Amino acid sequence: MRILFILALLFALPAQAETITITNEACEFARLHQPDASVEFQPGMDADGNAVAPADLDGGGIMPWPQDITIPLALDLQNSLNISNRLTGTDAIIGTVEYKNGKLYFNGQPIGESAQADIIAACRQARMGGAADGDIM
35 MRILFILALL FALPAQAETI TITNEACEFA RLHQPDASVE FQPGMDADGN
85 AVAPADLDGG GIMPWPQDIT IPLALDLQNS LNISNRLTGT DAIIGTVEYK
135 NGKLYFNGQP IGESAQADII AACRQARMGG AADGDIM
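Residue numbers (our numbering): 35 to 171.
Worth flagging that the hints you see were computed from the coordinates, not collected in a lab.
Small disclaimer: the values here were computed from a predicted structure and weren't measured.
Ranges of calculated distance between the beta carbons of each label pair, as one might list FRET restraints:
no.: 1; residue 1: 117; residue 2: 79; range: 52 to 58 Å
no.: 2; residue 1: 147; residue 2: 104; range: 18 to 24 Å
no.: 3; residue 1: 75; residue 2: 142; range: 29 to 35 Å
no.: 4; residue 1: 125; residue 2: 159; range: 38 to 44 Å
no.: 5; residue 1: 109; residue 2: 142; range: 16 to 22 Å
no.: 6; residue 1: 123; residue 2: 87; range: 52 to 58 Å
no.: 7; residue 1: 135; residue 2: 77; range: 26 to 32 Å
no.: 8; residue 1: 161; residue 2: 71; range: 25 to 31 Å
no.: 9; residue 1: 71; residue 2: 98; range: 32 to 38 Å
no.: 10; residue 1: 126; residue 2: 97; range: 30 to 36 Å
no.: 11; residue 1: 84; residue 2: 152; range: 37 to 43 Å
no.: 12; residue 1: 96; residue 2: 161; range: 44 to 50 Å
no.: 13; residue 1: 81; residue 2: 131; range: 30 to 36 Å
no.: 14; residue 1: 155; residue 2: 135; range: 18 to 24 Å
Where is the CB? At the ideal position from N, CA and C, for every residue including glycine.
I would like the entire structure built from these sequences, with the hints used as guidance.
Pasting the structure below:
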């Protein structure tokens with residue numbers, strides 16, 4: 035029971051802003067993917083460039099999708115920590131993933147390509163400024 039109390043305190047602590055350090059080595063891997071034109075989808079062509087029947091056939095109705103989608107993320111501590119079945123309400127709320135305006139957010143912060151683009155921009159800026167390894171961001 036004492037462990038649950040300590041865990042509850044840890045999850046109740048306010049989140050503090052973190053400073054993220056990205057090394058020069060990590061910057062080598064942080065590049066936006068730009069596919070070669072030869073591998074991009076071309077309607078009516080197969081992978082070898084041969085003509086095929088188009089895949090966009092008429093049919094079926096289009097299901098209306100919501101503009102915004104929110105997905106709550108939680109960790110079931112009872113199962114994760116093998117805690118007795120007598121306890122209830124042991125889910126730890128981790129956050130929410132939201133899809134809005136065509137972009138993904140975790141707890142209100144953008145994730146995905148926009149975050150990757152920010153990292154790439156920081157790497158470029160550090161390269162132009164001659165930052166030492168570990169001094170980026």
